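Peer 1: One-letter residues, chain by chain:
There are 2 protein chains.
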Amino acid sequence: MGPGPVNAHPRVLRAMSADLLGQFDPEMTAYMNEVMALYRPIFGTRNAQTFLIDGTARAGIEAALVSLVAPGDTVLVVNFGRFGLLLGEILGRIGAKIETVEARWGEVVPLDVIEDALKRVRPKVVATIHGDTSTTMAQPLEGFGALCRQYGALSYVDATATIGGMEIAADRWEVDVVSGGLQKCLGGPSGSAPITVSEAAAAHIFARRHVERGIARDDIDDGDGPRILSNYFDLAMVMDYWSDKRLNHHTEATSMLYGARECARVVLQEGLERRYTRHRAAGAAVTAGARALGLEVFGDDAHRMTNVTGLVIPTGVDGEAVRKRMREDFEIEIGTAFGPLQGKVWRIGAMGYNAAKHKVLITLGALETVLRMEGFTCPPGAGVEAALAAWNAELAA
Amino acid sequence: MGPGPVNAHPRVLRAMSADLLGQFDPEMTAYMNEVMALYRPIFGTRNAQTFLIDGTARAGIEAALVSLVAPGDTVLVVNFGRFGLLLGEILGRIGAKIETVEARWGEVVPLDVIEDALKRVRPKVVATIHGDTSTTMAQPLEGFGALCRQYGALSYVDATATIGGMEIAADRWEVDVVSGGLQKCLGGPSGSAPITVSEAAAAHIFARRHVERGIARDDIDDGDGPRILSNYFDLAMVMDYWSDKRLNHHTEATSMLYGARECARVVLQEGLERRYTRHRAAGAAVTAGARALGLEVFGDDAHRMTNVTGLVIPTGVDGEAVRKRMREDFEIEIGTAFGPLQGKVWRIGAMGYNAAKHKVLITLGALETVLRMEGFTCPPGAGVEAALAAWNAELAA
Numbered sequence: 007m008g009p010g011p012v013n014a015h016p017r018v019l020r021a022m023s024a025d026l027l028g029q030f031d032p033e034m035t036a037y038m039n040e041v042m043a044l045y046r047p048i049f050g051t052r053n054a055q056t057f058l059i060d061g062t063a064r065a066g067i068e069a070a071l072v073s074l075v076a077p078g079d080t081v082l083v084v085n086f087g088r089f090g091l092l093l094g095e096i097l098g099r100i101g102a103k104i105e106t107v108e109a110r111w112g113e114v115v116p117l118d119v120i121e122d123a124l125k126r127v128r129p130k131v132v133a134t135i136h137g138d139t140s141t142t143m144a145q146p147l148e149g150f151g152a153l154c155r156q157y158g159a160l161s162y163v164d165a166t167a168t169i170g171g172m173e174i175a176a177d178r179w180e181v182d183v184v185s186g187g188l189q190k191c192l193g194g195p196s197g198s199a200p201i202t203v204s205e206a207a208a209a210h211i212f213a214r215r216h217v218e219r220g221i222a223r224d225d226i227d228d229g230d231g232p233r234i235l236s237n238y239f240d241l242a243m244v245m246d247y248w249s250d251k252r253l254n255h256h257t258e259a260t261s262m263l264y265g266a267r268e269c270a271r272v273v274l275q276e277g278l279e280r281r282y283t284r285h286r287a288a289g290a291a292v293t294a295g296a297r298a299l300g301l302e303v304f305g306d307d308a309h310r311m312t313n314v315t316g317l318v319i320p321t322g323v324d325g326e327a328v329r330k331r332m333r334e335d336f337e338i339e340i341g342t343a344f345g346p347l348q349g350k351v352w353r354i355g356a357m358g359y360n361a362a363k364h365k366v367l368i369t370l371g372a373l374e375t376v377l378r379m380e381g382f383t384c385p386p387g388a389g390v391e392a393a394l395a396a397w398n399a400e401l402a403a
Numbered sequence: 007m008g009p010g011p012v013n014a015h016p017r018v019l020r021a022m023s024a025d026l027l028g029q030f031d032p033e034m035t036a037y038m039n040e041v042m043a044l045y046r047p048i049f050g051t052r053n054a055q056t057f058l059i060d061g062t063a064r065a066g067i068e069a070a071l072v073s074l075v076a077p078g079d080t081v082l083v084v085n086f087g088r089f090g091l092l093l094g095e096i097l098g099r100i101g102a103k104i105e106t107v108e109a110r111w112g113e114v115v116p117l118d119v120i121e122d123a124l125k126r127v128r129p130k131v132v133a134t135i136h137g138d139t140s141t142t143m144a145q146p147l148e149g150f151g152a153l154c155r156q157y158g159a160l161s162y163v164d165a166t167a168t169i170g171g172m173e174i175a176a177d178r179w180e181v182d183v184v185s186g187g188l189q190k191c192l193g194g195p196s197g198s199a200p201i202t203v204s205e206a207a208a209a210h211i212f213a214r215r216h217v218e219r220g221i222a223r224d225d226i227d228d229g230d231g232p233r234i235l236s237n238y239f240d241l242a243m244v245m246d247y248w249s250d251k252r253l254n255h256h257t258e259a260t261s262m263l264y265g266a267r268e269c270a271r272v273v274l275q276e277g278l279e280r281r282y283t284r285h286r287a288a289g290a291a292v293t294a295g296a297r298a299l300g301l302e303v304f305g306d307d308a309h310r311m312t313n314v315t316g317l318v319i320p321t322g323v324d325g326e327a328v329r330k331r332m333r334e335d336f337e338i339e340i341g342t343a344f345g346p347l348q349g350k351v352w353r354i355g356a357m358g359y360n361a362a363k364h365k366v367l368i369t370l371g372a373l374e375t376v377l378r379m380e381g382f383t384c385p386p387g388a389g390v391e392a393a394l395a396a397w398n399a400e401l402a403a
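Protein chains in written order, with this note's numbering: chain Z, 7 to 403; chain X, 7 to 403.
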C-alpha cells in the first residue's frame with residue numbers, strides 16, 4: 007500500500023509468462039496494433055501514435071522530452087514536487103533552457119501563473135506532472151494544453167502516477183504528449199511506459215528523423231530538424247517501428263508488451279468510470295480513516311490525488327518504526343517521503359489492484375494498532391469505521 | 007530459429023509471473039544482489055559493478071556509451087556490421103568524435119589494425135561488438151582490452167548476441183564495460199540488459215555523478231566531470247541504486263529482474279562450458295547440414311559465431327518465399343538480413359533454449375523440403391544426416 011510499485015493484477019502476471027513471438031511475426035505485430043488501440047481510451051485520445059516505450063515510466067518521460075526538445079530550446083517546467091524537479095534534471099542534460107513556475111510541496115500551480123509564464127518566456131515546450139506522488143498533489147489540467155497551444159508551445163504531461171486511476175483526457179486537455187507506467191494504477195510491473203503523441207507533436211518529431219545507416223530504406227527520408235540526442239529514445243524511430251513500415255529499431259520487449267496489453271484489457275473490462283470511482287472511494291476512505299484516528303492529512307484538499315494520500319507523522323512518533331512494524335507484523339508496505347517531506351510524511355497508496363475496499367480497511371486497522379504501540383493515542387476502531395463509511399458514500403454519490 | 011529474439015526457457019517464463027515486491031523490500035534488494043552475483047561468472051568477471059539496465063539490449067549499449075563518453079571525446083569504433091554502425095549512430099548523438107576501423111561484412115578486424123588506429127587517434131574509448139548477428143561474425147577479443155589499456159583507452163564490448171552462448175571473458179580480455187541482452191543465448195525475453203563495469207570505468211563514470219535535486223543526500227557527492235547526457239542511462243545513478251546506498255532512481259523492472267535472474271540460474275545450472283559446447287555443436291550442425299544441401303555458408307570460417315549462421319540464398323530462389331513457407335508450413339522462423347546482405351542471406355540462429363539438437367535437425371529437414379518446393383535441387387536427407395554427424399562430432403571433441 008505504498009505509492010507504487012504495487013501488487014500487480016494476477017491476470018497481468020499470468021500474461022507475462024506467455025510464449026514469446028518473433029518481433030515481426032504477424033501475431034506479434036497484431037498484438038502491437040491491439041496495444042495501440044487499447045491505450046487510446048485510457049489516455050482519452052484518438053492519437054494514432056499511441057504505443058509503448060521499452061523501459062520504466064522514467065524512460066517514457068525521457069523519450070518524450072529528448073524527442074520534443076532540442077539543445078537550446080526554451081522549456082517551461084510546471085513544478086510542484088520531486089517529479090517536477092526530475093523534468094528539470096532530464097531537460098538540463100538535453101541542454102534545454104529551463105524556465106520554471108513552482109508551487110510549494112503540497113500545492114499546485116494555478117493556470118494563470120502558467121499563462122503569465124507562457125507570455126513571458128515563450129517556450130517551445132511546456133512540461134508538467136499530472137499527479138506527483140512525492141506531494142500527493144494532482145495538477146489541474148483542464149485548459150492546460152489549449153493554453154500552451156495558444157502561445158505556440160507543445161505540451162507534455164507525465165501521468166505515471168495517475169494513468170488507470172484518475173482520468174487522463176489528452177484530447178480534451180489538448181495536451182500533445184502524455185506518458186505513463188504500468189506499476190501504479192494500471193496494476194502491472196514496472197518496465198513498460200505507454201505513451202501517446204498528438205499529430206502536431208509527431209510531425210515535430212518526424213522532422214528530426216534520422217534513420218540508422220545499417221537499416222536505411224528508400225521509402226523513408228530523414229528530416230531537416232536537429233538530430234534527437236538519444237537513439238534508444240528516438241520517438242521518430244520508435245514510431246516507424248510501431249507503424250506499418252515496421253522499420254527495425256530495438257527488439258520489442260515481448261513479455262512486457264503482453265503485460266501492458268493485459269493491464270489495459272483489465273482496465274477497460276472494469277470500465278474507466280467505475281475504475282476512477284473506485285480510486286476516488288479508496289482515497290476518500292484513507293483520508294477519512296486517517297482523520298478519525300487523529301492524524302493530519304498532508305496537502306491541499308482541493309487538489310489531492312485520489313490514489314495516494316500523505317499522512318503527517320505525529321510529533322513524537324518514529325515514522326520508520328511505524329513502517330517497519332507495518333511491514334513486519336502485517337506484511338503491509340506504506341511509503342516514506344522524499345526531500346522536504348522526508349521523515350515528516352507517510353504516503354499510503356491505493357492503486358490499481360490495491361485500490362480495494364478490504365485492503366484500505368485492513369491497512370487502517372493495522373495502522374491503528376501500530377500507532378498505539380508506538381505511543382500515539384487514537385480512538386479504537388474509529389479509523390476503519392470512518393473509512394468504510396467514506397468508501398460507501400463515495401460509491402453512492 | 008532466427009537470430010533472436012528466440013523462444014525463452016519455460017522456467018524463465020514462469021519466473022516472470024511471480025508476485026511483485028516493493029523496490030526497497032529486503033527480499034527485493036536481496037534478489038538484486040543475487041542477480042549481481044549470478045551475472046559475474048557469465049561475464050567472466052569479478053567486477054563488483056555487475057547489474058541490469060531496465061530496457062532492451064540496445065538500452066544497455068546506450069547506457070554504456072553515454073556514461074563513458076562525453077561530447078567531444080574521441081572514440082574508436084571497431085565496426086564489422088550493422089551493430090558496429092549502431093555504435094557510431096549512438097556515439098554521433100552523444101557528440102563524440104568518431105574514428106572507425108572497419109572490416110567488410112563477413113570478416114572481422116585484425117588486432118594489429120586496431121593497434122595502428124589506437125596509435126594514430128589516441129581515443130578515450132574503444133567500442134566494438136563481440137558477435138554481430140548481421141554478418142554472423144565474432145570479433146576475436148583476446149588481448150583487445152589489454153591493448154586499449156596500453157594506449158590509455160577504456161574499452162566497451164556489446165555482447166548481446168553472444169552472452170550465454172559463447173564465452174565472455176571480461177576480466178581476461180581486460181575489457182572495461184560489457185553489456186548484453188536476455189533475448190538471444192540467455193533464453194529470455196527482450197527487455198533487460200545485463201552489464202558489467204570495471205573498477206576503472208566505474209571511477210570514470212562516478213566522476214560524472216550528478217544526484218537529482220529531489221533526492222540529494224549528504225553522504226553522496228557530485229563528481230567534477232562533464233554531466234552524463236541521459237538521466238535514465240546515467241550509470242552513476244544506476245550503480246548508486248544497485249549499491250548499499252540504494253539511492254532511488256527509476257523503479258526497478260521487477261518482472262524483468264525475475265526473468266534475468268532465472269536466465270542466469272538456468273545457464274549456471276547447465277554449466278558455462280557445457281553450454282558453450284552445445285552452441286558450438288549447433289553452429290557446426292547448421293553449417294554442415296547447409297553445405298550438405300549444396301548451400302554456401304556466408305562469411306569467414308575462422309571467425310563465425312557459433313549461434314547464428316548465414317546461408318547464401320541460391321541464385322533463382324526467392325528468399326522471402328522460403329521464409330514464408332518455413333513459417334507457415336513448419337512454424338519455424340528463420341532470419342532475413344540487413345543492409346548489403348538484404349535479400350542475399352538467410353540467418354539461422356540456434357540460441358539458448360533453441361540451440362537443441364532436435365530443433366536444428368527439424369529446421370534443416372524443413373529447409374530441404376521448402377528449397378525443393380522453391381525449385382532448388384538438393385540431395386534428399388543429406389542435410390539432416392550431415393548435421394547430426396557434425397553435432398555428435400563436436401560433442402565428442
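Some clues are possibly wrong.
Non-contacting residues of chain X with respect to chain Z, defined by C-beta distances greater than 10 angstroms in every case (computed) [to be verified]:
id	residue
1	44
2	87
3	92
4	113
5	195
6	206
7	231
8	398
In silico PhoX-like pairs for lysine-lysine, Cα to Cα no more than 20 angstroms straight-line [as the list claims (entries may be wrong)]:
id	chain 1	residue 1	chain 2	residue 2
9	Z	103	Z	130
10	X	251	Z	330
11	X	330	X	350
12	Z	103	Z	125
13	Z	251	X	103
14	X	130	X	103
Computed list of chain Z residues with no C-beta within reach of chain X, every gap over 10 angstroms [claimed, not checked]:
id	residue
15	26
16	153
17	187
18	249
19	339
20	362
Bear in mind the hints are in silico, worked out from the structure with no lab data behind them.
Every value quoted in this text rests on a predicted model; they were computed, and no experiment measured them.
Idealized CB from N, CA, C, for every residue including glycine.
Peer 1: Work down the list of hints and note, for each, if the structure agrees.
Peer 2: Verification of the supplied hints:
1. Residue 44 of chain X, annotated as away from the interface, keeps every beta carbon of chain Z farther than 10 angstroms; the closest lies near 19 angstroms.
2. The non-interface label for residue 87 of chain X is inconsistent with chain Z: the shortest C-beta to C-beta separation is roughly 8 angstroms, within 10 angstroms.
3. A Cβ of chain Z approaches the Cβ of residue 92 of chain X within 10 angstroms, the least distance being about 6 angstroms, so the stated non-interface status is violated.
4. Chain Z leaves residue 113 of chain X outside its interface by the beta-carbon criterion, the shortest separation being 16 angstroms against a cut-off of 10 angstroms.
5. A beta-carbon of chain Z comes within 10 angstroms of the beta-carbon of residue 195 of chain X; the shortest separation is about 4 angstroms.
6. The beta carbon of residue 206 of chain X sits about 24 angstroms from the closest Cβ of chain Z, which is more than 10 angstroms, so the claim that it is off the interface holds.
7. Under the 10 angstroms C-beta cut-off, the non-interface status given to residue 231 of chain X relative to chain Z holds; the minimum distance is some 13 angstroms.
8. With a least CB separation of 29 angstroms from chain Z, residue 398 of chain X remains clear of the 10 angstroms interface cut-off, as annotated.
9. For the suggested pair residue 103 of chain Z and residue 130 of chain Z, the alpha carbons sit about 10 angstroms apart, so the restraint of at most 20 angstroms is met.
10. The hinted pair formed by residue 251 of chain X and residue 330 of chain Z meets the criterion: a straight-line CA distance of about 19 angstroms does not exceed 20 angstroms.
11. Taken as a hint, the residue 330 of chain X and residue 350 of chain X pair is honoured in the structure, with Cα atoms around 16 angstroms apart against an allowance of 20 angstroms.
12. Distance check on the hinted pair: residue 103 of chain Z and residue 125 of chain Z sit about 16 angstroms apart at the alpha-carbon level, within 20 angstroms; holds.
13. A C-alpha spacing of about 32 angstroms is found between residue 251 of chain Z and residue 103 of chain X, which places the hinted pair above 20 angstroms, so the restraint is violated.
14. Restraint check for residue 130 of chain X and residue 103 of chain X: the C-alpha separation of about 10 angstroms stays at or below 20 angstroms, so the hint holds.
15. Its closest Cβ contact with chain X, about 5 angstroms, brings residue 26 of chain Z to no more than 10 angstroms, contrary to its assignment away from the interface.
16. With 10 angstroms as the threshold on Cβ separation, the claim that residue 153 of chain Z sits away from chain X holds: the shortest Cβ distance comes to roughly 26 angstroms.
17. The claim that residue 187 of chain Z lies off the interface is violated: its Cβ sits roughly 8 angstroms from the closest Cβ of chain X, which falls inside the 10 angstroms cut-off.
18. The beta carbon of residue 249 of chain Z sits about 19 angstroms from the closest Cβ of chain X, which is more than 10 angstroms, so the claim that it is off the interface holds.
19. The Cβ of residue 339 of chain Z sits about 5 angstroms from the closest Cβ of chain X, inside the 10 angstroms cut-off, so the non-interface label is violated.
20. Its beta-carbon lying about 16 angstroms from the closest one in chain X, residue 362 of chain Z satisfies the requirement of being farther than 10 angstroms from that chain.
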